[in-house]
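Protein chains in written order, with my numbering: chain A, 1 to 236; chain B, 1001 to 1236; chain C, 2001 to 2205; chain D, 3001 to 3205.
Hints in this document: simulated from the structure, not taken from any laboratory.
Every clue listed holds true.
Between beta-carbon pairs, the in silico distance windows are:
#: 1; chain 1: D; residue 1: I3008; chain 2: B; residue 2: Q1194; range: 56 to 62 Å
#: 2; chain 1: C; residue 1: R2012; chain 2: B; residue 2: N1171; range: 44 to 50 Å
#: 3; chain 1: A; residue 1: G133; chain 2: C; residue 2: A2196; range: 27 to 33 Å
#: 4; chain 1: A; residue 1: P129; chain 2: C; residue 2: R2012; range: 25 to 31 Å
#: 5; chain 1: C; residue 1: R2012; chain 2: A; residue 2: D18; range: 47 to 53 Å
#: 6; chain 1: A; residue 1: A197; chain 2: B; residue 2: Q1200; range: 26 to 32 Å
#: 7; chain 1: D; residue 1: A3157; chain 2: A; residue 2: E135; range: 25 to 31 Å
#: 8; chain 1: B; residue 1: D1202; chain 2: D; residue 2: I3008; range: 56 to 62 Å
#: 9; chain 1: A; residue 1: S193; chain 2: D; residue 2: K3128; range: 29 to 35 Å
#: 10; chain 1: D; residue 1: I3008; chain 2: B; residue 2: G1069; range: 48 to 54 Å
#: 11; chain 1: A; residue 1: A82; chain 2: C; residue 2: R2139; range: 17 to 23 Å
#: 12; chain 1: C; residue 1: A2113; chain 2: B; residue 2: Q1043; range: 55 to 61 Å
Virtual Cβ for every residue (Gly too), placed ideally from N, Cα, C.
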Amino acid sequence: MIDKSIATPEAAVTDIFDGATVLIGGFGEAGSPIELIHALIDQGASGLTVVNNNTGSGEVGLAALIKAGRVAKMICSYPRTANSTVFPELYSSGRIELELVPQGTLAERIRAGGAGVPAFYTATSVGTPLEEGKERRTFDGRHYVLEHGLTGDFALIKCQAADTHGNLVYNKTARNFSPVMAMAAETTIAQASQVLAPGQLDPESVVTPGIFVDRVVAVTHPAYESELVAQGMSYP
Amino acid sequence: MIDKSIATPEAAVTDIFDGATVLIGGFGEAGSPIELIHALIDQGASGLTVVNNNTGSGEVGLAALIKAGRVAKMICSYPRTANSTVFPELYSSGRIELELVPQGTLAERIRAGGAGVPAFYTATSVGTPLEEGKERRTFDGRHYVLEHGLTGDFALIKCQAADTHGNLVYNKTARNFSPVMAMAAETTIAQASQVLAPGQLDPESVVTPGIFVDRVVAVTHPAYESELVAQGMSYP
Amino acid sequence: MTDTGVSIGLSRDEMAQRAALDIPDGSYVNLGIGIPERVASYIPEGREVIYGDPELINAGKRQVTTVPGAAFFHHADSFAMIRGGHIDLCVLGALQVASNGDLANWSTGAPDAIPAVGGAMDLVAGVKTIYVITQHCTRRGDPKLVERCTYPLTGQAVADRIYTDLAVIDVTPDGFQLVELSPGVDYDYVAERTAAKLLPIATDK
Amino acid sequence: MTDTGVSIGLSRDEMAQRAALDIPDGSYVNLGIGIPERVASYIPEGREVIYGDPELINAGKRQVTTVPGAAFFHHADSFAMIRGGHIDLCVLGALQVASNGDLANWSTGAPDAIPAVGGAMDLVAGVKTIYVITQHCTRRGDPKLVERCTYPLTGQAVADRIYTDLAVIDVTPDGFQLVELSPGVDYDYVAERTAAKLLPIATDK
Chain A
1 MIDKSIATPE
11 AAVTDIFDGA
21 TVLIGGFGEA
31 GSPIELIHAL
41 IDQGASGLTV
51 VNNNTGSGEV
61 GLAALIKAGR
71 VAKMICSYPR
81 TANSTVFPEL
91 YSSGRIELEL
101 VPQGTLAERI
111 RAGGAGVPAF
121 YTATSVGTPL
131 EEGKERRTFD
141 GRHYVLEHGL
151 TGDFALIKCQ
161 AADTHGNLVY
171 NKTARNFSPV
181 MAMAAETTIA
191 QASQVLAPGQ
201 LDPESVVTPG
211 IFVDRVVAVT
221 HPAYESELVA
231 QGMSYP
Chain B
1001 MIDKSIATPE
1011 AAVTDIFDGA
1021 TVLIGGFGEA
1031 GSPIELIHAL
1041 IDQGASGLTV
1051 VNNNTGSGEV
1061 GLAALIKAGR
1071 VAKMICSYPR
1081 TANSTVFPEL
1091 YSSGRIELEL
1101 VPQGTLAERI
1111 RAGGAGVPAF
1121 YTATSVGTPL
1131 EEGKERRTFD
1141 GRHYVLEHGL
1151 TGDFALIKCQ
1161 AADTHGNLVY
1171 NKTARNFSPV
1181 MAMAAETTIA
1191 QASQVLAPGQ
1201 LDPESVVTPG
1211 IFVDRVVAVT
1221 HPAYESELVA
1231 QGMSYP
Chain C
2001 MTDTGVSIGL
2011 SRDEMAQRAA
2021 LDIPDGSYVN
2031 LGIGIPERVA
2041 SYIPEGREVI
2051 YGDPELINAG
2061 KRQVTTVPGA
2071 AFFHHADSFA
2081 MIRGGHIDLC
2091 VLGALQVASN
2101 GDLANWSTGA
2111 PDAIPAVGGA
2121 MDLVAGVKTI
2131 YVITQHCTRR
2141 GDPKLVERCT
2151 YPLTGQAVAD
2161 RIYTDLAVID
2171 VTPDGFQLVE
2181 LSPGVDYDYV
2191 AERTAAKLLP
2201 IATDK
Chain D
3001 MTDTGVSIGL
3011 SRDEMAQRAA
3021 LDIPDGSYVN
3031 LGIGIPERVA
3041 SYIPEGREVI
3051 YGDPELINAG
3061 KRQVTTVPGA
3071 AFFHHADSFA
3081 MIRGGHIDLC
3091 VLGALQVASN
3101 GDLANWSTGA
3111 PDAIPAVGGA
3121 MDLVAGVKTI
3131 YVITQHCTRR
3141 GDPKLVERCT
3151 YPLTGQAVAD
3161 RIYTDLAVID
3171 VTPDGFQLVE
3181 LSPGVDYDYV
3191 AERTAAKLLP
3201 IATDK
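So here's chain A without its partners, still in its complex pose (with noise of 0.2 Å):
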């Protein structure tokens, strides 16, 4: 029997280790698996390398989990947003690393290292300082450079309705980043809304077919970043 269900999160993200790569769902607060990531910052691991657009906002969240200290390295497009202080903080003092990544190339580095393409070509970043350190080939006269294929050992994400297979649906642009990060990690954690039985989604609505993930936990009232930011939260 195939169950991929856990009862809590704490008891999904144990087996995250300290130095572990981990990708995290999320674009802003929209899909961001809050609930996963308290659990993560309790569970303790550290010396993360953590792959999202942002780096959360507030004290709650991914910006919580930077600001205990767990990140040693953010691979992410945009670090600077509304409410973001805590990296800047920590980055403005050398005591975290960035590795700054265009945020198509980064979606598309994740889809490659979920598809068993570890390198590929893009115009995005030619003659900018992003392509400093990386190989330039011309193709039909256009000149591209290339990228590597990005996976982790884990990715945590955030969807509106799991089925116990794994099969994963979400709740508009909340959608995002995750369906590729599921493909690209050793191990998927979903936190849904909703844990179905099999045959409970329309198989031809599923978005995250169950092969990309391995386990999948009830949060049946997620919290909002931007709610417990207002509320002036601060995790733990």
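Please arrange chains B, C and D on chain A, whose structure you already have, making use of the hints.
Relative to chain A, chains B, C and D alone:
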């Protein structure tokens, strides 16, 4: 007002030109846009390069297009299938060119073409005759070959339902190559069992967003290749 | 050069309105954050345009309603649209635009700045036509239209047309080509505030 | 060497049944066309296994019912599963398997043959464990387990285990390692029909 609907298959394919590269959806008969292919036969364009996983069966659909002498070159993974006699005859007598591509490489090359990736590396075909003429490169101690993105002047695809913005949903495994072909063609033409008004498809369930589709044409009761073959039909 | 404080040229909303006039019916358009996103409000009646911008609807944290005919897709698909050449037109802000079309809009290169690029490099690399909307000069009065960008580039030779408070200017193989002057502004006024050669409107010759 | 015509070793269904025993509970499995697809019928009760094979459900033109928990996806995603290392195990047929794990299963290289490769090269490149099910010898009696493949390769050093009518054989760094003999078959019988060194079962040493 955006309205991509076209009245008939004939009207939808008028501008396909001699020597065009045409991506044709389908995996065997599943997803094969027979009515669009028959309209293309009637239209008369020749010297085509056709991309499809197979080469059709019997003397209808893709096989009929080949039999009519319109296809100069096939790019496919599996040109031999049950009831496939047209291609083998032409190929054996040197009257049609074949570029044989592993099936996953074919799908990935088409996606790359649609995603602006001119080339990527893959482990598929390393150490085989299909590696010949390709660049080999090592990443992390493993060998890969360089494959190029594949684009088309036109894509002919079949779907279950379209809206007039060009958003598409498919029917089960008939989905196969069509979503990536829609991405990779300059002009994508979709036949749909139903053409709906905008808003009648659930945005969460749309598989091919309308941006990738240029024309939709209603073919309310599409023919099935195997039934036509069983009836002994030969088009035209 | 310093600004006089006198209100000359278009307001930010008027700049957005002017750019909106040039967006063809049925286009797929991406609007950057800031003045560019105001363009959406000014698309002339009867034109239907599809916006696809994950930043507009997400990072801006605005409530956006989906229109009939919308579709959701993941980020790799979203950027496949951008990078694969499927977006017709993009409207972006600028720190500097050079007369060869080079655009700098993500970083001033200040040593203590936190670098952040987002999707700007993907947009300029993948979208067919790039419109820039920007104040003609910085608040300090420095020209933003220059011979060569001194800030880190977003992309090389990417800008097609520039909408400023003072003028509409095309980027041509011969450099900046004045297309249209804002009300109350003449060629000399714009040329003085442009740090590169500015070709006059043909009828002005 | 020619076959005697006497029925020795496993039938095709028994070969499939034997291979099925080794498929772990909860695996994602891809089954090739031919004997491999019979494996599905013999998964031991209580084990739940997910098959993902576009060829099995499509090109074979068989009516396949979706099980609860199924999902549809397009071909690039389907092969991302295969090529991205997400499939645990694949069962394929063979024309030849070499003692270094090289597999040839798509072409005899005959000059007049229409070449056709399908997804075989993707599978052997991307799937973690490759099982081969094949008759031990061709109809003409030629060994299919060889020192080096003479037919065009599908992939290099990819086969992990081979199920034939006569035996179960692992591909190890030292070459073919006999794991299990079919009823009524002994080491010498298999070794005679294997065109490469065959290491005996440890307890036979």
